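K.L.:
Taken in sequence, the protein lines are chains S and G. So for the first sequence, the numbering used here puts the first residue at 1; every next one is plus one. So for the second sequence, the numbering used here puts the first residue at 1; every next one is plus one.
Derived from the structure by calculation, the hints contain no laboratory data. Watch out, some of these pointers could steer you wrong.
On the chain G side, residues computed to face chain S include the following (Cβ under 10 Å) [what the hints assert, rightly or not]:
#, residue
1, 37
2, 183
3, 207
4, 314
5, 441
6, 443
7, 560
Keep in mind it's a predicted model, so treat the numbers as computed, not measured. By construction, the Cβ of each residue, glycine as well, lies at the ideal position given by its N, Cα and C atoms.
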Amino acid sequence: MVDRSIKKAVLRVRRGTANDEGRYNDFEVPFEEGMSVLDALRWIRVNLDSSLAIRYSCINANACKTCMALVNGEVEYTCIAKLTPGIITVEPLPKRPLIRDLVTDTVPEEEKL
Amino acid sequence: MPNLTTDVLIVGAGGAGMYAAIAAARKGASVLLLDKSLVGRGGATVMAQMTVAAAIGQQEPDDWTIHFEDTLKAGRGLCNEELSALLCEEGPKRILEMEQWGTRWARENGHIKQEMAPGHSRRRCCYVDFLNTGPAVAATLRRKVGEISEIRRISNVTIIEIVTKDGRALGAVGLNVLDGEVVTFQAKAVILAAGGLTKLYARNSASANMGGEAYALALWAGAELVDMEFVQFFPIGHLAPRLVGMDPIMWDPFRYKLGGKLLNGQFEEFVDRYGGTDFGQYTATRDLASYAILKEAEAGRGSPHGGAYLDFRHIPENQLRAAFGPVIDRLLLNGIDLTKTPVEVGPMAHYHMGGVRVNNHMETRINGLYAAGEAVGGANGANRLSGNAITEAFVFGERAGSSAAEAAQHLHVDWEPKLAAAAFERLNALRSRQSSDGVRPVALQAELQNLMWENAGPFRTGAKLAAALARIQQMQRDDLPNVTVTDETVYNLDLLDWCELRAMLTTAETVVRSALARNESRGAHQREDFPDSNESMLKNQVVELRKGEIVSHWTAPVQLHPGGKSHG
Chain S
1 MVDRSIKKAV
11 LRVRRGTAND
21 EGRYNDFEVP
31 FEEGMSVLDA
41 LRWIRVNLDS
51 SLAIRYSCIN
61 ANACKTCMAL
71 VNGEVEYTCI
81 AKLTPGIITV
91 EPLPKRPLIR
101 DLVTDTVPEE
111 EKL
Chain G
1 MPNLTTDVLI
11 VGAGGAGMYA
21 AIAAARKGAS
31 VLLLDKSLVG
41 RGGATVMAQM
51 TVAAAIGQQE
61 PDDWTIHFED
71 TLKAGRGLCN
81 EELSALLCEE
91 GPKRILEMEQ
101 WGTRWARENG
111 HIKQEMAPGH
121 SRRRCCYVDF
131 LNTGPAVAAT
141 LRRKVGEISE
151 IRRISNVTII
161 EIVTKDGRAL
171 GAVGLNVLDG
181 EVVTFQAKAV
191 ILAAGGLTKL
201 YARNSASANM
211 GGEAYALALW
221 AGAELVDMEF
231 VQFFPIGHLA
241 PRLVGMDPIM
251 WDPFRYKLGG
261 KLLNGQFEEF
271 VDRYGGTDFG
281 QYTATRDLAS
291 YAILKEAEAG
301 RGSPHGGAYL
311 DFRHIPENQL
321 RAAFGPVIDR
331 LLLNGIDLTK
341 TPVEVGPMAH
351 YHMGGVRVNN
361 HMETRINGLY
371 AAGEAVGGAN
381 GANRLSGNAI
391 TEAFVFGERA
401 GSSAAEAAQH
411 LHVDWEPKLA
421 AAAFERLNAL
431 RSRQSSDGVR
441 PVALQAELQN
451 LMWENAGPFR
461 TGAKLAAALA
471 RIQQMQRDDL
481 PNVTVTDETV
491 YNLDLLDWCE
501 LRAMLTTAET
511 VVRSALARNE
521 SRGAHQREDF
531 PDSNESMLKN
541 QVVELRKGEI
551 VSHWTAPVQL
561 HPGGKSHG
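Just chain G, with the same shape it has in the complex (with noise of 0.2 Å):
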């Protein structure tokens, strides 16, 4: 059985992740950086297409301080402002240090291009074209990770248990999908980068690594979650027809450049009637949107797929390629002419405000056990500013890998080999469970992703909730331990998928517990039954595991002090 040693091991090799290894590794630390699929290719980082927020003020004049404005606005009372204030002020650090590592931020005027988007009160969002900023900066950031020979990458290999011992995370136990074999890691420090929990909804904009495993191992290892009901839900993901080759998140730039209609299933407008002012302009807040979408839907009003219509027929054919270039393109290839035909979308999951409770060292209150990027939990409160993603990826990976290198230097690691028998029971069970028919993880997953669209989604009321509640807690006691995997050693994805699905079981639970706690509507957070804020809950959840259940308490966000940083 492999056994590695390092000082830093991060779970994890999107955006967040090979920041923190970069950062470590200029701290002088040795890193081993995983990942469940190919380093640098899985997580959310390379399917943004979008734009990355930050007050480097080239576009007009800006400052860190109006950006994390505008981030405690979006976020409802509920960011912890210590990481929103290290989320803006350090963001401009990372963009232009990206710039040096060879991202082609696009440029005019000889500086670089920035756009405005929703909710933000500057012209603050970068991008690389055309819609290519997700790959183009996972590209710059895989070529820096490779150049440094203090970092170990390893590929198809998934964690599946935190190692702690008296409050302190000595490393961890993960499952290699080549050849189904256990290996173990032993940590001065270990980075949980493994991103949110789209992938727990059938509903979804990210790639298929999204299970929420980073918020379970947090939680199984003994550190804090916060804020899990906040899950961002994107108003007009793509639905129908079906494209391939492009993010389903797309629409909403062209929906700001061009303007688009959000029409009906008998084509006519509607977000007015549910209280807003749409109008074909960008104008919709995302909750309305996504309220009046599915409202529409529920009274029979939908698109044939349960969605709406995006109209851009009255844009003239220059328009859309001088906004959008070779992606005109693309379309055409999926059949899709937008000066004929409109598209279908409707709400999808697409990111999640809460997440692991860290220090503004991105530290839990596991020593040793530290967060980095979405896994993350407080920065952007009951709602996300469109741009601040990436921009949180890469600080708060930064930040990660620093503190985690420092801490390392004055760490040992006390590792014994009886710390790992739990994970490798758990494995040994499963492998015993070989058959050949019977139902099997992927099946679950499936299920559970209908159950917390169904349940838990952007819409949720309390009766929906318990019964999704009841259902995760009956598939933990009788599916999980139950459900049979094929006899394959190489490249099994049944034991991957078990080991995702134990992991989603956990922070479906975290999520429909705090949604059902929380009886108000504020931002992301939208119950049918409870439509109004109140005031008295301008607090944040935060659930731990005791005695193997999950029980949560109240606290008053973290507040800035006045005068300015209080992270340093």
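The following block holds chain S by itself, in its conformation from the complex (with noise of 0.2 Å):
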């Protein structure tokens, strides 16, 4: 049977702009396991913060390769990334030009207006 007690995982996600100083919120969010990251993030802005900036299009098939963030200080695609009970972190990725929360200039400069 499927374990159905309730776990809890929190993300603590780096908010902000490059032009703000940035700022840690946490979010708890039930765990079910063999949940990603990229489910999490997916559930707090249905449910918690619609704020909240995330770039992701193919949900779970690792296929279109937008998702990718520092999850716990590696870099990751928040799809594939397993969530596990507890605290995770969740940044944007350090060597892109930041947008906003983990939102990341992964644009090419000619797909640009």
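With the hints in hand, could you dock these two chains into one complex?
P.N.:
As structure tokens, then:
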């Protein structure tokens, strides 16, 4: 049977744009075995804070390759990074210009307006 | 406010949009290729791990007319035969062109390897190993598009309205997600290539992009939609354990290559109880498998997540590895060992047969407005064969791009800024509803997805559909104008969510109204209160907007004239 006991994960998410000091917000998310970090980020947008900026397209196929962020300090695709109970830190990619929250500028120059 | 000018504007940069861009550019047109996510990375194409059907006849003798017959059979009498013929006849050219451009189709003995798939009478399905077809073809098209200077790519712009005047498309109004600015596009021709509507359903196999925007944009612009009741539900989509890094419909090839047993929550075989033969073979049709799985769950005999078990424990590990190589390791990383545990599967929204009504040049009744790929309705009738979706993306993309570029040579743009005024006002009104609390668009999207799954999913009744329609209308009237957005300027997803929600509600209404009106079961449209097909309903349902109301009429399916192609 599926384990339905309610475990929690806490996502400590770096917020802000390149023009402000930035801050961390903690979000408590119900944890289910096998969840990805992106699942948790999407849950936060629907249930807690829709202003959280994230970038993704294919959701969980690891096909679009657009959802990268720092998860506990490591560069990961958030769609395949496994969520674990406890505190997980999620930050934008450090070597890309920051747009807002977890969205960095990964768009090729020639694809911009 | 940015205002860009082009010959051909393409909305959506998946397989169909990219192919259209290449085809338009080689006819000499300037092209603007837009995507609300990133060019070539959103949409359905990149997620397709499966196969592409085309009668190239390399595995065994085949002919497009045989592929055509198979397609019509699956379509249960409702195919637009001109579009089906175009898909089947031009599919081989596109597959071979993709190979020239660098797609490495799986090969054996000096030819492209072609597999059998359900509903096909020949081995004609090409693929890229392992389960990598979509990402590989998307990469080919991205590279090709990048080499062509006439194509300008723009990412992170969503289109909110097609601008028309006197029955002609003149361009579009968009929202730049990066800075929240409105952008206008003047174009001699516009191609809608924004895919299907699977995002309308809580259980779906698609990307975040497919909210039915192509259909809503077409309808609002004055074009017609056809067959909107025919949503394809994939019977054995992955439910549990949570599987990441894979397409949720990945189990199909496992079943037809290896045989996998469908078991209920009590680990009994059950599909045969519903009139099918399954017994570990891949023979049950998609409709029957979906029905059997949902009925077992309804009777309290489902798997824990409301589906069925798919069991491969009888297959030796060396056979699993021989067939799927590295995929077996990706499953192990997810904690799934097929030799030890069955997975849970169930129906999920996968593809839309219905869509924008076009002629065989992919043009709508609005002059200069075209559609391509899954956005097009009619080629697959009441049900689509496995493998026809990517073929349709290539073929219809090429056709739409060529047609639009040719038409653009004779058209000029009679643009007036006031034509975009309504779209501006709509966005300004939205921005004026900034608040730190209130209901957000993304929460309403989630509600709509559950509503559609519960009431307009694989098995429908008049009562459930009526309930869905009532709530959709209420959301349009009361909720859509009152949801709030946060005050962010940069990358404010609330604004994008709202634009999507507005399109999702319009598209959902067309699906539900069409499903309510079709009092029969046919192909992917299954009514529990009308379980049989009714010969008198062997017609297509066409919907359009008249004075703001969605109205429909019935029409006889388009038939191909005897003796061959009527397109050309």
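K.L.:
Please go over all the hints and tell whether each is borne out by the structure.
P.N.:
The hints, checked one at a time:
1. Hint status for residue 37/G relative to chain S: holds, with the closest Cβ pair at about 4 Å, below 10 Å.
2. Interface hint at residue 183/G: satisfied, since its Cβ lies 7 Å from the closest Cβ of chain S, which is below the 10 Å cut-off.
3. Using the Cβ-Cβ criterion of 10 Å, the hint placing residue 207/G at the interface with chain S is satisfied: the shortest such distance is roughly 5 Å.
4. Below 10 Å, beta-carbon pairs count as interface contacts, and residue 314/G has none with chain S, the closest being about 23 Å; its hint is therefore violated.
5. For residue 441/G, the suggested interface contact is upheld, since its CB lies about 8 Å from the closest CB of chain S, less than 10 Å.
6. Taking 10 Å as the C-beta contact cut-off toward chain S, the hint placing residue 443/G at the interface holds, the least distance being around 6 Å.
7. For the restraint placing residue 560/G at the interface with chain S, the shortest Cβ-Cβ distance is roughly 36 Å, beyond the 10 Å limit, so the hint is violated.
In terms of the numbered hints stated before, the structure departs from hints 4 and 7, listed from lowest to highest.
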